[in-house]
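Student: Residues per chain are reported as follows:
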Amino acid sequence: MASILNSNFVAGETAEVAATNTKFTDVQTQTGQLNDENVRSESIDLWHMDATASMVVASASQNTEAPGYTKTYTTGAHALSPLVLQKNGNVDMVLDMGSLQTLEQYDVLRVYWNLEVTAQVLSTGNVYSGSVYEAAGGLFWGVWLQWSTNGSTWTDVPNQGSFSGTTIGGVAYNTLQVSNTTTKAFTPIPHVAMYTDIGNHDIVYRYPHNANELYTTGSAWFLRPTPSTHTYRYFRLVLAGLLTGMNNGASPPVSHIADIGPAFLDPQGTDASITLRRCYLAAMHLKGA
Amino acid sequence: MSYIWKEGEPRANNVVDVDGFNSEYNAYKSMLNGGLDRDNLPQTSIGNAEFVYDSNTARTSTPFYRADIHHFEMNSDYRVYSNSTLGQHSFANTTYAAYNSGWIEAASETLQCKEGMLQIEARGWVHLSIATAAYYPRVAKFQVTVDNVPLIETVGGYIAPIGAFYLVGSTPVAEGTVRVGFRWKYSPSGADGTNNDAVGYPQLFFAGTSMSILNRFR
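Protein chains in written order, with the working numbering: chain A, 1 to 289; chain B, 1001 to 1218.
Just so you know, the hints here were simulated from the structure itself, not pulled from any lab data.
Since we're looking at a predicted model, the values are computed, not measured.
Hints are supplied without guarantee of correctness; some may be wrong.
Stretch by stretch, here's where chain A covers chain B in the computed footprint (C-beta under 8 Å, at least three residues) [stated by the list, open to error]: (1) 1023 to 1032; (2) 1082 to 1095; (3) 1151 to 1164; (4) 1169 to 1182.
Residues from chain A that face chain B, not an exhaustive set, calculated with beta carbons under 10 Å [claimed, not checked]: (5) 8; (6) 13; (7) 57; (8) 69; (9) 83; (10) 87; (11) 154; (12) 172; (13) 178; (14) 182; (15) 187; (16) 191; (17) 223; (18) 226; (19) 280.
Straight-line distance between alpha carbons at most 30 Å, and here's what the computed DSS-like set of lysine-lysine pairs gives [said to hold, decoys possible]: (20) 23(A) to 1029(B); (21) 87(A) to 71(A); (22) 287(A) to 1114(B); (23) 1141(B) to 1185(B).
For each residue, glycine too, the CB sits at the ideal point set by N, CA and C.
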């Protein structure tokens, strides 16, 4: 901190040139020692900012538009070619940031989504038999986030992995290996049927168990690239199912999300399905911090 | 408003009055000794050069906020259920052989904060195995702590077999290092009157966990 401690001139004494100069030399010297303690609290504000006061680089949102619009997705949508969540008019629900954005290192990008499950159709049977249904890892749909620079070529967002062929327990599946860089934009939705008894081929209705029991869920994805940069403009949500959890039986075990959608049929031989409405997607890009 | 520098006394042909000199000079002193304010700094004097991130100090000089995104997973020493047999496969859940009860911290992060508000968000997804559960429903809870004080906790806990979780909250913070922690808890083993929970069966698994930590300055 700069601090001047010299004393006043005293009335009746002669003011020498040297003493007078010293007082101004003190000012000159201490001016070079200025720091934050010399400045009053809150003395620097928007007045001094060079027109860069906003934290927000870009923000936008998208939704299914018509509140009553619903869309039914079936297990045919397996994970290697997931279905894009759609909006009113049965067109893809795409969030457009308005222009190509550059995510600089240390910028903060946050994307949020929310959706409502209105129905998951099952026929009358509530007990399935068959090994594919014996999923102690749960039965669920998966929703995750993709982004694009041009609206036509899409990739999973960073820290969200892709499904690939994997053999577990001697059976070939398409799986997503769970790690610290593969499910950061993944949202599971529980299927109505859940396997409840290891080894006894028993599946019962669990959650939610009828069309009147609406289920709302949502999630978020955060990215602060260090040190890489990214460009993006569009976001969309995709859905696949049915999925289940597995591990590879190793020590330590490695978890996988396995796609059993193509094999999943209810006792009457029809695909499982899920109906969604009121899907929301919003993104906010903050400048680096 | 701070003192404004101007051409002061003495001037040529004026008799220097000691009180006038002292008064003028002391005004300079007092301004410099902690009295500088916005009127001493020109408009737009802080530009891009001052906003650049400083990799040496791992912080930005931008006077708006500081942020961090922290990605982590469930503690590896609790991810123990290992079985690839069809019909018994599940995530690498924790078991009651590994988990007893109580809060387990999965991750923590420190942030050099300035006085202001700290906003914390946490996201992820959780699987509760209901397979062969002697006592159900079981409950998973998640908690965000700030300097080891619980700040955000899931109300009631998660009981669905699988689903997403999201927590958000804010708290005032003082200048200094703030430690943000994330911890989890699960129902202890139960019984249905006849059978006890098997200690080797899969119980809880969570993944896809990220925390967004934003410190907005006062």
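Student: Next item in the hint list is residue 191(A). Is there a CB on chain B closer than 10 Å to its CB?
Tutor: Holds. Min distance 9 Å.
Student: Using the nearest Cβ pair, does residue 226(A) come within less than 10 Å of chain B?
Tutor: 9 Å, holds
Student: Would you check whether residue 57(A) satisfies its interface hint, that is, whether its CB is within less than 10 Å of any CB in chain B?
Tutor: 12 Å, violated
Student: With a cut-off of 8 Å between beta carbons, are at least three residues of the stretch 1151 to 1164 of chain B near chain A?
Tutor: holds (count 5)
Student: Within the assertion that chain A covers the stretch 1023 to 1032 of chain B, do at least three residues meet a Cβ-to-Cβ distance smaller than 8 Å?
Tutor: holds (count 5)
Student: Taking only the CA atoms, is the gap from residue 287(A) to residue 1114(B) under or equal to 30 Å?
Tutor: 18 Å, holds
Student: Regarding the hint that residue 172(A) lies at the interface with chain B, is the smallest CB-CB distance below 10 Å?
Tutor: Residue 172(A) check fails; min Cβ-Cβ to chain B is 12 Å, beyond 10 Å.
Student: Do the numbers back the hint for residue 8(A), that is, is its least Cβ distance to chain B under 10 Å?
Tutor: 4 Å, holds
Student: Return the status of the interface hint for residue 178(A): holds when the least beta-carbon distance to chain B is below 10 Å, violated otherwise.
Tutor: For residue 178(A), the interface hint holds, since the closest Cβ of chain B sits about 5 Å away, which is under 10 Å.
Student: Please check whether the stretch 1082 to 1095 of chain B has three or more residues whose CB lies within less than 8 Å of a CB on chain A.
Tutor: n = 11 at 8 Å, threshold three: holds.
Student: Does residue 223(A) meet its interface restraint, that is, does its C-beta lie within less than 10 Å of any C-beta in chain B?
Tutor: 7 Å, holds
Student: Checking hints one by one. Is residue 187(A) an interface residue toward chain B, by the C-beta closer than 10 Å rule?
Tutor: For residue 187(A), the interface hint holds, since the closest Cβ of chain B sits about 5 Å away, which is under 10 Å.
Hint violations for this structure: numbers 4, 7, 8, 9, 10, 11, 12 and 19, all remaining hints satisfied.
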